[in-house]
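Residue strings, one per chain:
Number of protein chains: 2
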Amino acid sequence: MWHFIIWNLSDYISRNYSSTRCLPSSAITLSPAAERLRYILGEDDDMPNPTLFTEMDTLQQDGDELEWKESARWVKFEEKVEDGGERWSKPHVSTLSLHSLFELRTCLQTGTVVLDLEGYSLPQIVDEIIERQIDEGMLSPDLREKISFVLLRKHRHQTKKPIHRSLADMGKASGGGARHAHSRSMNDIADTLSTDQLRNKFMKKIPRDAEASNVLVGEVDFLDKPFVAFVRLAQATTLGGLTEVPVPTRFLFILLGPTGKAKSYNQIGRAIATLMVDDLFSDVAYKARDREDLIAGIDEFLDEVIVLPPGEWDPKIRIEPPKKVPTADKRKSVHSLNELGQPNGTAGGSGGHAEDEEIVCVFVRFCGGLFLDMKRKLPWFPSDFYEGFHIQSISAVLFIYLGCITNAITFGGLLGDATDNYQGVMESFLGTALSGTVFCMFSGQPLIILSSTGPILIFEKLLFEFSKNNGIDYMELRLWIGIHSCIQCFLLVATDASYIIKYMTRFTEEGFSSLISFIFISDAIKKMVSHTQYYPINTDFKPDYVTAYKCECLAPDPSESILGCIVYHYSTLNITDLDWSQLSKKECVKYGGSLVGNTCKYVPDLALMSFILFFGTYSMTVSLKKFKFSRYFPTKLRKLISDFSIFMAIMTFVGLDRLIGLKTPKLIVPTEFKPTRPDRGWIVLPFGKNPWWVYLASFVPALLVTILIFMDQQISAVIVNRKENKLRKGCGYHLDLFWVGVLMAVCSFLGLPWYVAATVISIAHIDSLKMESESSAPGEQPQFLGVREQRLTGILVFVLTGVSIFLAPVLQFIPMPVLYGVFLYMGVASLSGIQFWERIKLYMMPSKYQPDFPFLRHVPLRRVHLFTLVQIICLAVLWVLKSTVLAILFPVMILGLLVVRKMLDMVFSQHDLAWIDDILPGKDKKKDKKKGDKDDTKKKDKKKGRADDSKDKVRNVKIYCHQLAGLEQKKPG
Amino acid sequence: MWHFIIWNLSDYISRNYSSTRCLPSSAITLSPAAERLRYILGEDDDMPNPTLFTEMDTLQQDGDELEWKESARWVKFEEKVEDGGERWSKPHVSTLSLHSLFELRTCLQTGTVVLDLEGYSLPQIVDEIIERQIDEGMLSPDLREKISFVLLRKHRHQTKKPIHRSLADMGKASGGGARHAHSRSMNDIADTLSTDQLRNKFMKKIPRDAEASNVLVGEVDFLDKPFVAFVRLAQATTLGGLTEVPVPTRFLFILLGPTGKAKSYNQIGRAIATLMVDDLFSDVAYKARDREDLIAGIDEFLDEVIVLPPGEWDPKIRIEPPKKVPTADKRKSVHSLNELGQPNGTAGGSGGHAEDEEIVCVFVRFCGGLFLDMKRKLPWFPSDFYEGFHIQSISAVLFIYLGCITNAITFGGLLGDATDNYQGVMESFLGTALSGTVFCMFSGQPLIILSSTGPILIFEKLLFEFSKNNGIDYMELRLWIGIHSCIQCFLLVATDASYIIKYMTRFTEEGFSSLISFIFISDAIKKMVSHTQYYPINTDFKPDYVTAYKCECLAPDPSESILGCIVYHYSTLNITDLDWSQLSKKECVKYGGSLVGNTCKYVPDLALMSFILFFGTYSMTVSLKKFKFSRYFPTKLRKLISDFSIFMAIMTFVGLDRLIGLKTPKLIVPTEFKPTRPDRGWIVLPFGKNPWWVYLASFVPALLVTILIFMDQQISAVIVNRKENKLRKGCGYHLDLFWVGVLMAVCSFLGLPWYVAATVISIAHIDSLKMESESSAPGEQPQFLGVREQRLTGILVFVLTGVSIFLAPVLQFIPMPVLYGVFLYMGVASLSGIQFWERIKLYMMPSKYQPDFPFLRHVPLRRVHLFTLVQIICLAVLWVLKSTVLAILFPVMILGLLVVRKMLDMVFSQHDLAWIDDILPGKDKKKDKKKGDKDDTKKKDKKKGRADDSKDKVRNVKIYCHQLAGLEQKKPG
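Note that the protein sequences, when read in sequence, are chains A and B.
For the first sequence, this note's numbering gives the first residue as 12, with consecutive numbering after it.
For the second sequence, this note's numbering gives the first residue as 12, with consecutive numbering after it.
It should be emphasised that the hints constitute simulated quantities derived from the structure, not laboratory data.
Any given hint could be a false lead.
Heads up, the list lumps identical chains together, so a pair's fine if it works in one copy or across two of them.
Lysine-lysine pairs mimicking DSBU-like chemistry, simulated, CA-CA at most 35 Å apart [claimed, not checked]: (1) Lys165 with Lys272; (2) Lys781 with Lys335; (3) Lys734 with Lys327; (4) Lys553 with Lys685; (5) Lys859 with Lys272; (6) Lys553 with Lys596; (7) Lys781 with Lys327; (8) Lys513 with Lys327; (9) Lys700 with Lys650; (10) Lys737 with Lys386; (11) Lys859 with Lys612; (12) Lys334 with Lys852; (13) Lys612 with Lys472; (14) Lys647 with Lys388; (15) Lys859 with Lys479; (16) Lys859 with Lys274; (17) Lys700 with Lys734; (18) Lys677 with Lys636; (19) Lys737 with Lys513; (20) Lys913 with Lys272; (21) Lys859 with Lys677; (22) Lys101 with Lys913.
Bear in mind the structure is a predicted one, so any value in this text is a computation, not a measurement.
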């Protein structure tokens with residue numbers, strides 16, 4: 012016997028190490044175990060096996076009675092019942108000992124293995140096994156009754172109870188003895204399912220078609236050698252109360268042994284349970300023809316096993332499930348090349364990822380891009396609406412709406428200043444609502460949010476000054492520029508010029524979007540500083556000398572009063588009749604009085620209150636966003652709090668502001684529907700005010716506007732269409748630009764501001780619509796599934812913006828500092844998602860603390876630093892230029908970024924650039940694609956016809972999108 | 012040959028699994044490998060082996076030249092050179108493949124093993140090895156030259172450069188080719204050490220007596236079978252540029268093989284390197300007598316190895332070093348019982364931890380406890396001073412000093428209010444300085460900080476009212492109470508009554524300390540609220556109507572002015588001569604004027620500014636404290652920032668306050684040395700003012716004071732002396748109480764407030780003096796070593812407090828809200844260290860997110876919740892009582908907690924209570940003790956005599972401290 016075991020184990024070695032001398036020979040050969048597996052697994056791979064749920068029950072003495080107590084379970088990771096805690100542990104990676112695996116191997120070699128047993132109830136199955144053991148002489152017949160008795164004891168499961176029930180129990184069960192009474196369900200080995208089993212909430216975590224494997228281990232006093240059986244049933248059968256959930260059992264592993272080695276049995280039980288949930292081994296278990304196949308499965312498992320040295324790791328530590336585990340497919344294929352066991356990627360080749368598919372830039376045909384865009388977007392059009400009906404949309408709409416009106420008000424105010432109210436807050440609201448609604452309705456990428464942007468504002472300012480100084484009518488000139496620019500946009504669309512954005516890499520994108528973020532942040536802070544200047548604090552105030560502070564309005568000198576009389580001759584009041592002391596500050600100044608006193612130029616409290624509101628809103632939003640990652644409350648509630656963080660922060664600080672009741676500056680929304688400036692109408696006429704040559708000459712400034720709009724629009728679109736966002740419905744650069752052009756012309760006719768894609772708000776829009784998988788197996792990480800792509804949220808946002816003109820009574824309670832707080836948050840949040848920002852942080856980190864970014868593993872740190880430095884310098888230059896008169900050349904400067912990036916090719920190797928300046932390694936791309944294809948094939952047949960139809964379309968889309976931006980889209984389902 | 016390998020590997024199995032059938036038999040037997048190891052390791056265990064530093068170099072082709080390139084290194088954990096990053100990875104646990112370990116085993120069985128080679132240079136050693144291989148017929152003689160040539164190539168090490176140098180390089184090395192030029196040092200196989208080796212900063216991480224083991228692996232084209240050698244040198248020898256650091260080499264592992272299997276060689280190299288740094292295997296390697304011993308070492312290693320299933324873990328993930336790894340000792344002893352391989356502690360018994368050593372409560376002899384205390388503390392007295400000289404002390408002194416003066420001012424102000432200035436801020440400062448200095452100088456536990464406390468304040472208030480109402484002289488009565496109380500304290504000391512605190516468990520302690528924390532927090536917030544009431548905000552202020560706001564002082568009605576004249580008859584001013592409009596608010600009220608106007612009762616800005624300062628100081632302190640755990644900047648800088656966080660926060664907000672320049676309420680420190688009330692002197696006379704019976708009757712209130720002081724003092728002391736703080740110098744409950752009693756009497760004579768231990772500040776004191784080990788091996792966690800126990804910081808704090816009377820010009824810049832912010836922080840910080848608080852948080856956590864507390868593994872959640880609920884109710888009751896007249900019975904209520912705790916014995920099982928209500932499991936206690944003993948034995952001989960002397964003393968201390976509080980102290984070195 013002894014010799015036999017040696018042989019069995021050495022058999023493992025000989026099978027798997029036969030071709031080694033001290034090392035494997037250079038020729039790649041498969042071990043016999045692998046060969047065997049390849050044969051059985053290769054048979055018919057199209058029908059995947061069901062997921063296995065594994066439950067391990069151990070034999071326990073409860074008072075006089077023996078019972079089976081659930082001690083651990085596996086869906087993918089292990090959850091064990093805590094010793095005294097009567098609670099499930101967190102899911103963790105099963106850490107096994109090599110010892111127990113070898114012991115398990117011997118068990119399977121010596122024990123009974125019954126494959127495809129026709130079983131319908133546990134007693135029958137148990138009888139069958141015992142009979143076989145007796146037949147083979149492994150068990151003496153007089154133990155039949157005893158073993159059968161033990162195996163048919165009741166099963167006690169660890170079920171989770173709703174909290175209100177367990178709280179109610181808290182009072183009752185006070186003694187130590189009654190502790191178990193309420194916490195577990197007890198199942199007889201009946202044929203019917205108990206209510207506890209059916210009610211078990213854990214079912215949600217198990218796939219519908221899952222089958223169970225039950226592991227029973229225990230020590231008994233009547234055996235002197237172990238009783239081992241591995242059973243596969245021909246049909247998965249529900250064996251009464253065996254399993255905690257109503258899932259039919261397919262596998263059964265029984266190990267009973269002599270007393271004294273309970274821990275060993277436990278370990279062996281854990282080993283087989285872990286094997287059963289292993290993707291590869293469970294495949295083997297389903298398809299095994301005999302005992303040898305199972306052994307080969309274990310051998311393969313052993314060969315792929317990861318080993319931790321005992322001195323560097325404490326086996327008591329529970330390892331949290333990793334974010335990502337290698338798929339079984341990968342393991343299989345890799346294994347067959349005998350290349351596994353290369354932990355830590357010692358020499359993992361990375362050559363594959365630089366070889367991006369070649370982007371061929373072809374001029375398809377006149378308007379070819381536009382038609383392709385439309386052709387691609389049309390099939391999605393209905394789903395763009397019904398997919399918007401989701402609770403998440405509400406928070407997204409609220410969030411983006413607030414951002415939009417803040418933007419509309421801010422830019423409206425600034426534009427009003429810049430253009431002498433030719434375009435004011437009213438026009439801003441109307442224009443935002445009109446352009447936004449149209450764009451979200453018809454554009455190629457409805458996730459993009461249109462808004463006024465800084466560069467446009469600067470352009471308008473310069474244009475207004477120019478026309479004022481040269482006696483040209485501003486509105487008419489602007490209209491012609493708009494028309495020219497619209498035509499130029501159409502030309503760009505028709506010639507598929509958007510192909511140029513394929514030259515935009517991470518470098519350009521990041522430069523642009525961080526610049527915009529910085530502008531957001533600095534604008535918010537600037538606004539707050541100007542508040543402080545607008546409401547100066549009297550720092551010399553001494554509370555005790557309150558009697559010394561006043562501000563009086565004194566009547567003007569009689570000598571000057573005549574002048575005052577002349578200026579305000581339309582006033583019906585006689586100036587001398589005025590009670591000067593009763594006048595307000597403004598009236599006093601208006602009537603020529605002078606303000607005398609030491610408080611006249613100070614406003615108490617408002618500056619500090621504004622600061623508190625500003626900073627409070629910002630910090631509360633940040634904290635609530637982070638709350639998602641805290642340990643408190645169930646996931647759903649946390650997600651809700653996180654989604655509505657901005658709304659809650661705004662509400663809180665509006666409430667605080669109301670509570671204190673200070674006259675902080677509030678949001679002012681126009682209430683009447685009329686142009687801000689009384690001397691202009693809603694339509695700008697194209698002729699009559701300017702000489703004819705102006706109509707032609709406006710071509711030149713229009714060109715600048717076109718470049719500006721083109722760059723601003725398309726870079727934002729590239730950022731929105733990033734691979735990371737996993738958009739399914741494809742891009743539509745040409746269509747987007749087309750509508751921006753149309754809206755340019757319309758807005759020019761109506762005398763409304765021009766609109767382009769706003770990077771920061773668009774990113775916020777996408778972030779608020781991100782979807783994550785409900786994780787299935789306990790311990791598995793939720794996966795980012797993509798973005799809820801639809802047109803509804805965008806349309807709602809802009810309709811609401813339009814309606815806001817009538818919402819004034821509600822909106823007027825919102826203090827401006829609160830909105831600036833939201834601005835600051837948006838800027839910071841969009842900055843923190845940028846890799847550039849991560850790389851800046853690296854400067855301040857000692858290398859041992861740096862996160863394990865893939866590019867850091869492959870590019871020397873100083874090259875990374877150099878790259879970041881170049882970006883910082885570029886940004887600084889842009890920032891300085893933006894603040895000078897050259898601001899109008901902003902779009903040209905962005906083009907300059909492309910040039911700088913091109914020059915970097917000379918400084919950095921392509922290898923380095925591929926890692927730093929690329930979005931995702933190419934390898935992953937291919938994998939995704941493959942997986943995507945596979946997912947498709949798994950889809951039900953009824954869609955097959957359609958899928959085939961759309962295949963060509965899909966290919967076109969793919970090639971096209973690659974041509975456009977080197978981005979990749981998934982095909983429509 | 013093939014057969015031979017099978018035999019070799021099956022040999023591993025047969026050795027270690029021979030006693031198994033399918034399972035190990037019930038009798039515990041050692042495997043032959045373990046037997047063998049036990050023999051060689053058991054020989055002489057007193058002389059520990061040097062630590063091994065392992066470097067792995069791989070053979071690389073650099074242009075035309077072959078060279079050895081460092082690819083990984085191990086001190087305890089693995090650090091590898093990143094592929095393209097030219098940087099060291101973070102230290103991580105080496106994840107090996109089982110495959111490579113078996114291959115290594117075969118390599119050692121078939122290759123050359125030379126133990127105790129007399130080697131002095133690499134060429135000589137290489138020659139020796141080759142010669143042996145040729146002799147044994149394993150190598151053909153014509154390969155001699157080639158192998159020798161390869162093995163003597165230069166070694167290129169990955170050395171870390173200072174950042175300024177690498178930044179300088181950034182500019183230079185622009186091409187891809189020159190990338191390697193500057194980043195590495197190149198070492199010839201010379202006999203002398205290069206400057207790069209000597210300058211290597213990594214030396215700091217390696218223990219002084221360390222030796223190196225070098226692993227060389229590579230593929231060459233002239234071999235058709237591997238060339239393997241394992242060499243142990245008789246003497247550790249510096250082999251020129253072989254190792255990156257100037258550490259002598261002891262072991263050498265060489266593996267050269269045919270081309271094509273570089274990855275395999277690498278994995279084998281990593282396997283032997285990991286083995287070499289394993290505590291147990293390195294021991295084996297040092298003591299091995301032959302090849303078989305080494306093989307046995309590998310077998311033992313394999314048996315203890317932890318296995319991760321390939322489907323649940325991605326081998327590419329680098330596992331961070333765990334906080335704690337099992338010690339080699341534990342592994343050895345556990346192993347010898349064949350009980351290893353029980354990961355996740357499936358059935359780990361916890362029975363051991365409830366069996367606390369029996370606490371025998373004996374009345375030693377008159378003043379026995381006091382004398383023992385003194386006897387114990389005396390030997391430490393000198394070190395109590397010189398151990399205080401450390402940079403950390405400065406921050407501690409600053410921190411505690413600020414807490415103390417804030418306390419002194421707050422309580423001083425409150426006492427002044429309560430006692431009609433018989434005890435004011437001046438007395439408070441003086442008393443704090445005097446009591447604190449004396450206590451820190453002579454007490455049993457100098458880490459305790461004395462302070463005024465809430466209960467005492469309430470008592471004084473009631474006492475003053477009583478004596479005022481009954482015509483008894485307050486100061487004289489107070490003196491007699493003090494004298495009586497002092498005598499009662501002496502009685503308590505003499506009878507060793509402090510033994511009573513052994514009944515204080517976590518329950519009582521936590522109840523008391525969270526109550527105090529809540530008082531801190533609520534006091535800070537109350538103060539801020541009262542600020543807002545003191546500086547009301549004019550919420551109706553409309554900036555435009557600034558002209559309407561004023562406050563004027565109007566002359567009183569002539570009818571009332573005579574009264575005003577009478578009241579202020581000592582004023583030299585004639586009231587009618589006054590310019591009423593020039594008077595300040597106070598003067599106006601003083602002279603009977605009336606304040607008229609809408610701003611009179613408002614103070615602008617100050618309330619909001621106070622809030623900003625308060626909340627700003629608090630949040631900044633919290634953030635800076637947390638900064639310690641961020642990734643930025645080197646550890647030392649972060650620790651500095653964290654240590655000085657309170658100081659920096661105070662400085663920042665004092666600066667902000669100065670910058671804005673508002674008249675926020677500032678810290679007022681008395682500048683003249685005289686009693687607050689002019690009609691009292693510095694000495695209170697015991698006789699003369701009250702009838703004689705008062706002297707006797709004051710015994711009764713004195714009793715209350717004594718209970719109060721006893722409880723307050725000793726609970727704080729128990730908290731300070733907690734096991735968690737790892738105090739070495741022992742406790743001194745009797746001595747502490749003795750000095751508190753003495754100071755009671757002294758303070759009563761001088762008319763100063765009474766002082767007891769202040770929990771929150773004492774905890775803050777300990778926290779600011781915590782020591783952590785400088786982690787040695789990369790990846791090892793710093794360990795909490797204990798507290799810098801000394802008297803210097805305490806003394807300095809109180810001397811500074813005394814001197815503060817003269818520091819007024821500096822201290823007057825500190826706004827009070829900043830100090831309240833510090834108060835708030837202290838309260839919150841001391842709360843967050845309490846397990847009770849952690850358990851409250853559990854209420855809000857779904858069980859799957861709950862942290863892995865040991866008690867949660869062993870006690871059902873609802874029992875834990877019930878326990879917490881009882882604590883919450885007790886606290887709520889205490890809180891309510893504290894706010895009523897019953898406050899004076901506060902000490903009795905704490906005694907009530909003990910009763911409640913006793914009653915819990917009936918509700919909870921002892922098993923549950925042992926886990927929830929105990930500080931540390933008893934098992935750990937024993938382990939610590941054992942380790943402590945062992946550490947001692949390792950100490951140098953010169954201290955041996957002394958150590959023996961102190962042994963008895965130590966034992967006494969231990970028993971005594973156990974008797975006192977069930978706490979454990981370490982013996983003095």
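For this session: Hint by hint, work out which the structure violates, then give me just those numbers in ascending order.
Result: Those not satisfied are hints 9, 11, 15, 17, 20, 21.
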